[in-house]
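Colleague: Could you build the full structure based on these sequences and the hints that come with them?
There are 2 protein chains.
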Amino acid sequence: MNMSLGRGARERLVVIGGDAAGMSAASQARRMRPSAELEIVAFERGRFSSYSACGIPYWVGGDVPDRDRLIARTPEEHRARGIDLRMRTEVLEIDVPGQRVRARDLETGAESWTSYDKLVIATGARPVRPELPGVDAPGVHGVQTLDDGQALLDTLAGTEGRRAVVVGAGYIGVEMAEALINRGYRVTVVNRGAEPMSTLDADMGRLVHRAMTGLGITMVDDAEVTAFRTGDDGRVSAVATADAEYPADVVVLGIGVRPQTSLARAAGLPLGDRQGLLTDLAMRVRGHENVFAGGDCVEVLDLVSGQQRHIALGTHANKHGQVIGTNAGGGYATFPGVVGTAVSKVCGLEIARTGLREKDARRAGLQYVTATVESTSRAGYYPGAGTMTVKMLAERRTGRLLGVQIVGGEGAAKRVDVAAVALTAGMTVERMTSLDLGYAPPFSPVWDPVLVAARKAVKAVAAAL
Amino acid sequence: MNMSLGRGARERLVVIGGDAAGMSAASQARRMRPSAELEIVAFERGRFSSYSACGIPYWVGGDVPDRDRLIARTPEEHRARGIDLRMRTEVLEIDVPGQRVRARDLETGAESWTSYDKLVIATGARPVRPELPGVDAPGVHGVQTLDDGQALLDTLAGTEGRRAVVVGAGYIGVEMAEALINRGYRVTVVNRGAEPMSTLDADMGRLVHRAMTGLGITMVDDAEVTAFRTGDDGRVSAVATADAEYPADVVVLGIGVRPQTSLARAAGLPLGDRQGLLTDLAMRVRGHENVFAGGDCVEVLDLVSGQQRHIALGTHANKHGQVIGTNAGGGYATFPGVVGTAVSKVCGLEIARTGLREKDARRAGLQYVTATVESTSRAGYYPGAGTMTVKMLAERRTGRLLGVQIVGGEGAAKRVDVAAVALTAGMTVERMTSLDLGYAPPFSPVWDPVLVAARKAVKAVAAAL
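One line per chain: the protein sequences are A and B, in this order.
Counting in the numbering used here, the first sequence runs from 154 upward without gaps.
Counting in the numbering used here, the second sequence runs from 154 upward without gaps.
Worth flagging that the hints you see were computed from the coordinates, not collected in a lab.
Predicted model only: the values in this text are computed from it and were never measured.
Among the hints, erroneous ones may be present.
Copies of the same chain are indistinguishable here, so a pair counts whether it falls within one copy or spans any two.
[As the list claims (entries may be wrong)] Each computed SDA-like pair below joins lysine to any residue, with the alpha-carbon atoms no more than 20 Å apart: (1) Lys512 to Thr352; (2) Lys612 to Arg183; (3) Lys512 to Thr379; (4) Lys512 to Arg279; (5) Lys612 to Gly323; (6) Lys609 to Met185; (7) Lys512 to Ala355; (8) Lys609 to Gly579; (9) Lys609 to Arg550; (10) Lys609 to Thr529; (11) Lys609 to Gly484; (12) Lys609 to Thr487; (13) Lys512 to Leu454; (14) Lys612 to Arg186; (15) Lys609 to Arg186.
Modeller: In structure tokens:
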């Protein structure tokens, strides 16, 4: 039965997933078309809607005092805007030819089909849980959802020991290591690579390594976890590698996330190499006029390498939602792609990257030169000037900007935005040297650090002609 | 006599002006070519070389404790690099056909001619001194040079009264008003316009007005100074307008600067409507293969309006010098132009602008829409999030970005750089909405304030189609 029969001109938009991408899409579609024209039904299997997953480490670390502050909009607020948001309701199946989804109320167990005219898939990502002995033991935590964060805080509150092991040293791993140090834990980070933050080149990651050990975090590099040991109570007691065991009262997994696309896969929708849904520029699932997808469950086009990537980041999810809602509401908008910008504040350092790392450039078949400089965030004579290291990649011969990485003190991270826009515009590093950036002693030396790097990159390009 | 005869292949580069543009040019030319190939002679009539004029308000205000910290490179350091920098030596005449300059040693009074193969004119700007009664009285100060700053500090040290009047409310006027408040003065600002910071539209300037009065600064708006009154000792005692007199123990002039181009004018070199030297993109004076000019004495191309402008700013002077030195040294570089970016930190506010104000757009023949939003510097839940107001101008119909103004708390000003690069690239506000800017809770809401403004500007463009 296709329930769209008999509903006249009123269309139904179904949204799977009640977080950033899904609810942005629903909200924007509602702004475009009133309830009389467009019914919107959204399913969320968890207990929270529209929250900032990026804020979880700050909540765990104590900088953000209260979980509810991470919630941008409650289910009640969404419903007040004419969005039928059904919490604790999990979608189990998408019937693409039949234009309907099957959902289960997790409280009652009741299942039912809901038909759609347009569908939005915003199922997000799930943290990688390695298939190792003991990974499911109490005390081993991922930190992807607010529920995860609450579970971790409950463990911390109920555990006397103060030894924490963080597995993985990407953004989440490093942020969680710092959060646990702030809570008075002795923290060991077990990292597969030689340096933390593999989103940076190793020479820049080394600066983060130094800051982490400076905070008292124990770094175990080049180490692969082989098992999670448990004690007599069944709880986690240690993390084992090939060479050693690290006692642990609590373990946090920070080894990345993957697109949550099992529903989409079962429905026969197109997935990329990273298991993310593939969409066109209007965020429609390729080959499916009435199905949109966005947020952490899709792959996006990297405008610098020309390749598809998976990047789980709230700012992209919000933009996707905005585009989807506009298109689903009868308007027109596109998401052209990303340049791979990410910023982070950890262990007293600001860390930023955009564009390609050295290995990304090689993978994309690009030849490049690099330039690394040290500069300051303010005029040298102005109080509070902090130092920063800026690394820049430029294409060999053409001099086109390929990427920038920055590690430093206050005022370092957001400078990467200049490079993000320059990458989007396809600028050369030579053109960048004359960019008209804001200059005043409290904000910058006369040559902004990004321009100092560009000047050095120009020389490197000339030397490699 | 042409002194280049008999010097064989060794060329002489003569530089007029020993501050940012001139000494950057000299230093870069020296990097390009050794002393055996290129002799470099630089003339500076003042006592200081290569200093940060932009830092003077912070020195006067006490944030920078020591004058010498504003000096990037001393005359001795320049000489150690093979630049024959002659201090306290004023160039009185440029003989363009004869390729020589006449200079006077201000200590001895001796005059002599020096020939050149290539000439750099970097004579800077001079503060506007209105031709009003009493303007030359002791106690009335401009603040363009280090010497000016020292003279003002000497006046402050030697004066018991604590009443200061600042004439003009541009960057320098507002910065000096704050510096004097910080030194314990009662400060009155007499301003010709309705709002301070005429580099902003009035609706944005109003926010600065509020902050200034909040600091206890008395603002006299829409007021034209008619005279400077003097007391029995001949020193300034008050500032008069048509309506009132404002008692003053010290007066600071902050009513702008003009290109210092009397030498160039006398030599018959081409000047623009704002009396600045006109150059090509390689910073050669138009029509003169061997004469370069840069810094505060030239006009620059505004890439947004397509018109010539005069902008006195250290960061441009340094870039000009870099380009001139490269070209004078036999290399190739250009300065494509500016987009009009300026940032400032005054009275607890960060202030930024780039591109066109409303009146600039009208003057350039451009039709536009505006969008103004309030947003925050960090995620709302992250500690220390400050608010900011962002105003954006976009071209009618095309949606091309025309300008951005930002007034707000910490983290506001340097966000303007994103717009500066977008202007340089000719981006539309619609394309800006999907810019991949750095996002993390300590640095930005999921929608960066500049992108929030872009979203609103997109709607304004659509509404004005």
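Colleague: Next, verify each hint and record whether it holds.
Modeller: Now for the hints, and whether the structure bears them out:
1. Taking the shortest alpha-carbon separations for lysine 512 and threonine 352, only the intra-copy value of 10 Å comes in at or below 20 Å, while the best inter-copy value is 45 Å.
2. Taking the closest pair of Cα atoms, lysine 612 and arginine 183 come within 20 Å of each other only across two copies (16 Å); inside a single copy the shortest separation is 53 Å, beyond that limit.
3. For a Cα distance limit of 20 Å, the shortest separation of lysine 512 from threonine 379 qualifies neither inside one copy, at 27 Å, nor across copies, at 67 Å.
4. Taking the shortest alpha-carbon separations for lysine 512 and arginine 279, neither the intra-copy value of 26 Å nor the inter-copy value of 52 Å comes in at or below 20 Å.
5. Proximity of lysine 612 and glycine 323 under a CA criterion of 20 Å is satisfied in neither setting, with 32 Å inside one chain copy and 38 Å between copies.
6. Taking the shortest Cα distances, lysine 609 and methionine 185 sit within 20 Å of each other only across copies (15 Å), while inside one copy they are farther apart (49 Å).
7. For the homomeric pair lysine 512 and alanine 355, the shortest alpha-carbon distance inside one copy (10 Å) is at most 20 Å, but the shortest distance between copies (50 Å) is not.
8. With identical chains, the CA atoms of lysine 609 and glycine 579 are at most 20 Å apart within one copy only, with a shortest distance of 18 Å there and 26 Å across copies.
9. Taking the shortest Cα distances, lysine 609 and arginine 550 sit within 20 Å of each other inside one copy (15 Å), while across copies they are farther apart (40 Å).
10. For a Cα distance limit of 20 Å, the shortest separation of lysine 609 from threonine 529 inside one copy, 16 Å, qualifies, whereas the shortest one across copies, 34 Å, does not.
11. In the homo-oligomer, the alpha carbons of lysine 609 and glycine 484 lie at most 20 Å apart only across protomers (16 Å), although the nearest pairing inside one protomer, at 45 Å, exceeds that limit.
12. For a Cα distance limit of 20 Å, the shortest separation of lysine 609 from threonine 487 across copies, 16 Å, qualifies, whereas the shortest one inside one copy, 36 Å, does not.
13. Proximity of lysine 512 and leucine 454 under a CA criterion of 20 Å is satisfied intra-copy only: 18 Å inside one chain copy versus 40 Å between copies.
14. For the homomeric pair lysine 612 and arginine 186, the shortest alpha-carbon distance between copies (16 Å) is at most 20 Å, but the shortest distance inside one copy (55 Å) is not.
15. With identical chains, the CA atoms of lysine 609 and arginine 186 are at most 20 Å apart between copies only, with a shortest distance of 18 Å across copies and 52 Å within one.
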